[in-house]
Amino acid sequence: AQRVTQPEKLLSVFKGAPVELKCNYSYSGSPELFWYVQYSRQRLQLLLRHISRESIKGFTADLNKGETSFHLKKPFAQEEDSAMYYCALSRGSTLGRLYFGRGTQLTVWP
Amino acid sequence: DAGVIQSPRHEVTEMGQEVTLRCKPISGHDYLFWYRQTMMRGLELLIYFNNNVPIDDSGMPEDRFSAKMPNASFSTLKIQPSEPRDSAVYFCASSFSPGGPIGELFFGEGSRLTVL
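Protein chains in written order, with the working numbering: chain A, 1 to 110; chain B, 1001 to 1116.
None of these hints come from the bench; they were simulated from the model. There's no promise every hint is true.
[Claimed, not checked] Reference listing, derived: stretches of chain A covered by chain B, where coverage requires no fewer than 3 residues with Cβ under 8 Å from a Cβ of chain B:
1) 44 to 57
2) 98 to 107
[Claimed, not checked] Have a look at the derived ranges for each label pair, beta carbon to beta carbon:
3) Lys1078(B) to Gly16(A): 22 to 32 Å
4) Gln105(A) to Pro1008(B): 17 to 27 Å
5) Thr107(A) to Arg1022(B): 28 to 38 Å
For glycine and all other residues, C-beta sits at the position ideal for the given N, C-alpha and C.
Could you build the full structure based on these sequences and the hints that come with them?
Structural data, given as C-alpha cells:
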C-alpha cells in the first residue's frame, strides 16, 4: 500500500533562514511525487512535481528513491512562504488519484 | 474560467440535519474528487469520479455519506444525518487526463461545515 508521511505538523523559521519540509513515502512501484501549497485564504494549488525538476518560488524538491523521500527545500525563506504544505503521491497507473500527507504548517517569522 | 466552484462556502447546521454540498468542476475535466480536511487527519479522499462514474468510494466514512455526479458539470456530496464529527472543510477538485498533467488537481475554495 502507498503512504505519504510528513513528520512535522508545524515548522517555524526566521526570514532568510533555510527551510526544509520533510516528506517520506512508501510505495513499491514508481511513484510520481508532488508538493501542493495552501496559502491563507487561497485554494490548494500545485507547487511543483518531481518529474519537472523545476524550481518554483525558490523551492526545489529532489526525489530520493533510496531514502524514499521528497523533501521540499528553500535556501532563504520569505514571510510570504508561510502556508500549509502537502506532499502527495500518484501511482501513475491511477491517473489523477493522489495520496496526500497530513501537511506541514510553515511559519516564517520576520 | 472561474475554476472549480463550490457551494455553500460555509454551512452551520444542527446534528441530525441533512447537508448537501455542491461542486461544479472545470469544464472539460474528466475527473472529480471530494476531499475532507481536518486538523487531525489532514486531507482525506472521500470519493472520486471519472466521466461521471464513481471509481473509488472507499474513503466515504459510512452510509451517512453519499455522492452523486449526474452530469459532467455538477456533483453533490450529501451527509444525512449529520453529526458533530463531520465538521470539516470539504474540498472538491477536478483534473484532466489524458493529455493533461498527471496528478495536477484543481481545487475549489472549499465548504466549511460546522455541525452543532
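So, going through the hints one by one against the coordinates:
Here the region 44 to 57 of chain A counts 4 residues with a CB under 8 Å from a CB of chain B, which clears the bar of 3, and the coverage holds. For the region 98 to 107 of chain A, the stated coverage by chain B holds: 6 residues have a C-beta nearer than 8 Å to a C-beta of that chain, and at least 3 were required. Hint check: Lys1078(B) to Gly16(A), Cβ distance near 48 Å, so the stated range 22 to 32 Å is violated. For Gln105(A) and Pro1008(B), the Cβ-Cβ distance of about 26 Å falls inside the hinted range of 17 to 27 Å, so the restraint holds.
Here the CB-CB span from Thr107(A) to Arg1022(B) is close to 33 Å, well matched to the stated 28 to 38 Å.
Consistency with the previously given hints fails for number 3 only.
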